[in-house]
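All chains should be built: construct the whole structure from the sequences, respecting the hints.
Taken in sequence, the protein lines are chains A and B. For the first sequence, this note's numbering gives the first residue as 70, with consecutive numbering after it. For the second sequence, this note's numbering gives the first residue as 540, with consecutive numbering after it.
Just to be clear, a hint being listed does not mean it is correct.
[Unchecked claim] Quick list of in silico lysine-lysine cross-link-like pairs, BS3-like style, CA-CA up to 27 angstroms:
hint, chain 1, residue 1, chain 2, residue 2
1, B, 608, B, 644
2, A, 126, A, 80
3, B, 588, A, 126
4, B, 644, A, 80
5, B, 597, B, 644
6, B, 597, B, 608
7, A, 139, A, 122
8, A, 126, B, 597
9, A, 80, A, 139
Derived from the structure by calculation, the hints contain no laboratory data.
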Amino acid sequence: DAGITQSPRHKVTETGTPVTLRCHQTENHRYMYWYRQDPGHGLRLIHYSYGVKDTDKGEVSDGYSVSRSKTEDFLLTLESATSSQTSVYFCAISERQSMGYNEQFFGPGTRLTVL
Amino acid sequence: AQSVTQLDSQVPVFEEAPVELRCNYSSSVSVYLFWYVQYPNQGLQLLLKYLSGSTLVKGINGFEAEFNKSQTSFHLRKPSVHISDTAEYFCAVSDRGADGLTFGKGTHLIIQP
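Written as structure tokens, this is what we have:
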């Protein structure tokens with residue numbers, strides 16, 4: 070298994086509070102991603118990073134920010150959590166292969182509940 | 540823009556029976572195609588991928604998928620399922636050079652004894 074950990078694994082918080090989720094990898098992969106998984110929607114990309122301090126928005130980035138100060142860590146922050154952000158959050162990592170594709174490896178997920 | 544459609548949200552099948560999970564995609568460029576499996580309360584695990592070459596791709600746990608460019612499909616099949624195959628299955632597509640995956644909404648495979 071790829072060396073990816075996510076913390077915390079479960080969190081319950083209240084509307085309006087800030088929340089930070091952490092993804093840590095030991096594979097030294099260049100690319101890191103944050104997805105959210107919701108019933109009936111599959112996984113949707115929130116933000117991704119293609120290097121230290123290099124990040125870009127995904128499909129559902131509103132209300133989220135990210136930071137990557139080290140290769141191994143990718144942080145997802147909800148500045149002011151809302152109930153619509155209750156979800157399971159997955160981190161993924163990848164390295165671009167010679168054919169130009171990224172095979173992504175997923176972490177175990179963080180279940181976030183916003184009351 | 541690309542999109543993925545998994546036509547069935549749930550597929551019940553009896554143990555040892557064959558199964559097919561359907562996936563169609565749309566993209567204006569050449570793509571890479573993936574099937575992932577998610578067991579209860581776990582992350583996603585790659586089952587198989589199509590990059591190029593042979594249109595029949597074999598993966599782990601006895602699964603295989605066939606890429607059909609004219610029908611823009613990438614259906615997943617297994618000739619004989621087991622209780623342990625109960626899981627959520629996701630089809631995903633990536634444009635060549637793109638940095639993220641676009642996922643379908645998933646198909647819940649339910650194995651009945």
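Consistency of the hints with the structure:
Taking the CA atoms of residue 608 of chain B and residue 644 of chain B, the gap is near 21 angstroms; set against the 27 angstroms cutoff, the hint holds. As the CA atoms of residue 126 of chain A and residue 80 of chain A are separated by approximately 24 angstroms, the hinted pair is consistent with the 27 angstroms bound. At roughly 25 angstroms between alpha-carbon atoms, residue 588 of chain B and residue 126 of chain A fall within 27 angstroms of each other, so this suggested pair holds. Between the alpha carbons of residue 644 of chain B and residue 80 of chain A the distance comes to roughly 24 angstroms, so the proposed pair stays at or under 27 angstroms and holds.
For the suggested pair residue 597 of chain B and residue 644 of chain B, the alpha carbons sit about 22 angstroms apart, so the restraint of at most 27 angstroms is met. Between residue 597 of chain B and residue 608 of chain B the alpha-carbon distance is near 17 angstroms, which keeps this suggested pair within the 27 angstroms criterion. In summary, the hint linking residue 139 of chain A to residue 122 of chain A is supported, as the alpha carbons are separated by about 8 angstroms, within the 27 angstroms threshold. Our distance criterion of 27 angstroms between C-alpha atoms is broken by residue 126 of chain A and residue 597 of chain B, whose separation comes to about 33 angstroms.
A distance of roughly 24 angstroms separates the Cα atoms of residue 80 of chain A and residue 139 of chain A; the hinted pair therefore holds under the 27 angstroms criterion.
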